[in-house]
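> Chain by chain, the residues run as shown.
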Amino acid sequence: MKLNGAQILIQTLIEQGVTDVFGYPGGQVINIYDALYEYRDKINHVLTAHEQGASHAADGYSRATGKVGVCIATSGPGATNLVTGIATAMLDSIPMVAITGNVPNSLIGKDSFQEIDITGVTLPITKHNFFVSKIEDLADTVRKAFSIAKSGRPGPVLIDIPKDVQVGKYDYEPQPIVEKIPLPKVKEDAIEKAVAMINEAKKPYIYVGGGAAGLGMGDEIVAFAEKIGAVIGCSFMGLSAVPQNNERFLGMQGMHGHYASSMSQNEADLILAVGVRFSDRATGNVSKFAKQSKIIQLDPDSAEVNKNVRVDLGLVGDVEDSFKRIAAKCAVSEKPAWFARVKQLKAEEKQFEDEIEAANEAPLTPKQVIETINACKKPNTVIATDVGQHQMWTAQYVEFDGPRRFVSSGGLGTMGFGLGAAIGAHVATKDPVVLVTGDGSFGMNLNELATAVTYKIPVVIVLMNNGVLGMVRQWQTLFFGKRYSNTILTRKTDFVALAKSFGAEGCLAETPVEFKRAFEQAVASGKTVVIEARIDKDEMVLPMLPPGGAISDIITKV
Amino acid sequence: MENNRFVIAVYVDNQSGVLTRVTAMFTRRGFNIDALTVGETESSEYSRITISMRGDDYVKEQLINQLKKLYVVKKVEVLEDEPIKRELMLIKVQNKSEHRSDIMTAVDVFRASVIDYSPDGMCIEVTGNPSKIDAFVKLMQPFGILEMCRTGIVALDRGTTTLLNK
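From first to last, the protein sequence lines stand for chains A and B. Everything in the first sequence is counted per the numbering used here, starting at 3 for the first residue and increasing by one. Everything in the second sequence is counted per the numbering used here, starting at 44 for the first residue and increasing by one.
You may find that some hints are simply not true.
[Said to hold, decoys possible] Below, a list of computed lysine to aspartate or glutamate pairs in the EDC-like style, where the Cα atoms sit at most 20 Å apart: (1) Lys136(A) x Glu190(B); (2) Lys380(A) x Asp403(A); (3) Lys103(B) x Asp314(A); (4) Lys136(A) x Asp56(B); (5) Lys146(A) x Asp56(B); (6) Lys502(A) x Glu512(A).
Everything labelled a hint here was simulated from the structure, so no lab data went into it.
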C-alpha cells in the first residue's frame, strides 16, 4: 500500500498501539496534521496551548500508565518548546516519543525559516534521536524509536522528519507492536552473594526508587521486608511504588525526606537499592552517605552502578527478576532490635512534626491542605505536582492510591510541569486527577487551563498561594541571611477570576473549613477547578538536609 | 586511585553524526580525551574509534558504561595488556646546516623518513608507538620545530581475536 510519509507516520503510530497524542500544528507538520485528520477515528489528538504543555502531557500520560507518551511539534520554535519536556522525561527515565517536523531536505542547513537542528539540540537530553532523511526509513525509524523508548532503562526519543519526507510516497506494510527488549537476568552466583549479604545483615533497609515505581511490586516489597525484618524507604521517584499503610514503610528519604527514613538509612548495615540512582538530592554529601552500610544495587543500567555512590554489589539487569529471586531465597528473620530502633526514630519524627504543626499559627497550613486532599479525594486519584515546596509537602504527606498515582518532575525539577502532566495523566487513565501546585510554578504554564477546559479534564488544581517563590525563599532564609532577592511575587493576579476567564471554576480557601468545602465540591463537580489555598509565605519544608550536607546536618526546626 | 593512561576501542555505526554523539557524551560527563582517531574497519557497517585518555578506575568504568548506552555504539573495549599501538606524525623542522647531520641521524635511527626537503626546512614522517613519537619530538626541539601534527593512536589487540567477535 503506497502512502505519503505523514500517513505512514500516523499508521505506524497506530500500529504501535498509540491511541492519544499531544501536540500543536505548524508549517512543517501540516501534512502530519492532515493525516491526523484522516485517521481521527483511530488516534486522538489533544491540542495543547503550548508545545511545552504537549511534552509534559505526553510525559504525564506515560507516568500514569507506563505506555509510551507521544507529542508532536512543528520545526524551529515548536521543536525547541518541547525541549524542557523532553529533558524532564530524560532525567526521570520516562518513555516518550517526540515527533518534530523540519524544513524540506533541500532547505536543511540554510538557516531557513523555522529551521533548527533539533537533533543537535536534544542530543544530550534524549536516549537517542533520529533525523529521517529518506521516506524509506520512516516506518522502521518510528518502530525503533518505540523500542528504544521503552526498552532497558526507558527514556525519550525524538524523531525529526523533514517536510519532503512527509509529502513523499512509499510502501507501507503494518507490523506488530515492537516488544521491549528483555533485560538480561542476573547470574545466579551474584544473586547468591546478595542473599548471603542480606542474611548476614542486622539492620537492613530496602531503598525503592523510580526503577521500581512502575513494576507493581509494592506488596512483594512489603512482604519481603516483613520476612527479613527490614524497613522500607524510597527516593522521591519511588513514591507510590510501595503501599504506605504498613508500619515498615518510612517514606521518602533525602533532602526533604522523612526524618526516620533518612536517619535509619544512615544507621542501616545493609541497603538494598531497587531502581535508585543515588541522586545528590537523595544522598547529600556522598562521601558521608550511609558509610556504615553495605549497599546492593539492582538496576537495569550498568552506568548507574558506582556512578554516584560506591556499592558493594551491583546487580545489573532485570530488577523485578533479581528482586524476586533474592526475596525467595533469603532467610526469615525478625530483627526486633532494629525495628524497635526505627520505631523510636519514627516517634521522634512524629514529635517534631507535631511540634512544628502546633506552633504554626497560620489560618491554613500546607499539612492541613494535604491531609484534606487525602481525606476527600476519590479512590484511584492521580496526584500531580509542580516543583517547589508544595511538591515536597505532597511527597511527604500524600497517601497515594497505588503505583503510577504520582506524577511529578523529580530529576529535572521542572516548574510548570504539573498542569500539562495532569492533563496527560487524565487522558491516559480517565481517573480523577488532583494537581498540587504553587503560585510560582502555576504561573509558568497556566495557559494549559485552556486545554483542560476544552477537553473537559476534571482536574482539581490546588494552588498553594504564598505570594513568594517558597523553596528559594526557604534557602534564602536559611543560607542567605534572609536576603529575599527576587522571590517575593508582588503580582496582582486574581487566580479565581483567572480560572473563570479560562472557563474553569475558581474559588478561594483561607481556612481548613473553607478548603475542605471547596475541595469536596471541586471533586464532585467533575470540572476543571482552581482552588487558591492561601498559605503563609514563611512556611518551610522540614526536615531539611542542607545541600551537600550529611545526615548529622539535618535541620528539623528553625 | 591512579590516573593511568588507557586506550579504548569503540565500534560504532558508520553513519553521519555518530562521532558527535560519542564526543558529546565525553563533554557532558566531563571526560577529557588525549587523542581520538576514527576510521573505516573490516566491516562497512562500522567505524572504529580509538580513544586514548587518562583516568582512574572510576573514570574508566563510567566511560565504558556510558559509551555502551549510546544506541550507535556496538562494542566497547579497553585494550589491556599492551595492545599494538601506532601513531603517525608529520613534523616540519628547520634545516640548518649545523644541525642537518644530527637530524638525518635521528631520522635514520627512528626509521623515520624525510618526505619534503628544502634548504630552509624538512618534513619528516614518523610512525610508531606514541612514546617513540614523543621521543622524536623531544629530539627535534633544539633544532627548531616549525609545525607538527599527530594522528592520535590507532590500536589493535595482539593475537587473532577480533573486537566484534569477542
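> Checking one constraint from the list: CA of Lys136(A) to CA of Glu190(B), max 20 Å. Satisfied?
Distance ~44 Å between Lys136(A) and Glu190(B) Cα, so the pair is violated.
> Going straight from one Cα to the other, do Lys136(A) and Asp56(B) come out at no more than 20 Å?
Holds, at roughly 18 Å.
> Hint check: Lys502(A) vs Glu512(A), CA-CA at most 20 Å. Holds or violated?
19 Å, holds
> Check whether the Cα positions of Lys380(A) and Asp403(A) lie no farther apart than 20 Å.
9 Å, holds
> Sort out whether Asp56(B) lies within 20 Å of Lys146(A), counting only the CA atoms.
15 Å, holds
> Sort out whether Asp314(A) lies within 20 Å of Lys103(B), counting only the CA atoms.
18 Å, holds
Of the numbered hints listed earlier, the single one contradicted by the structure is hint 1.
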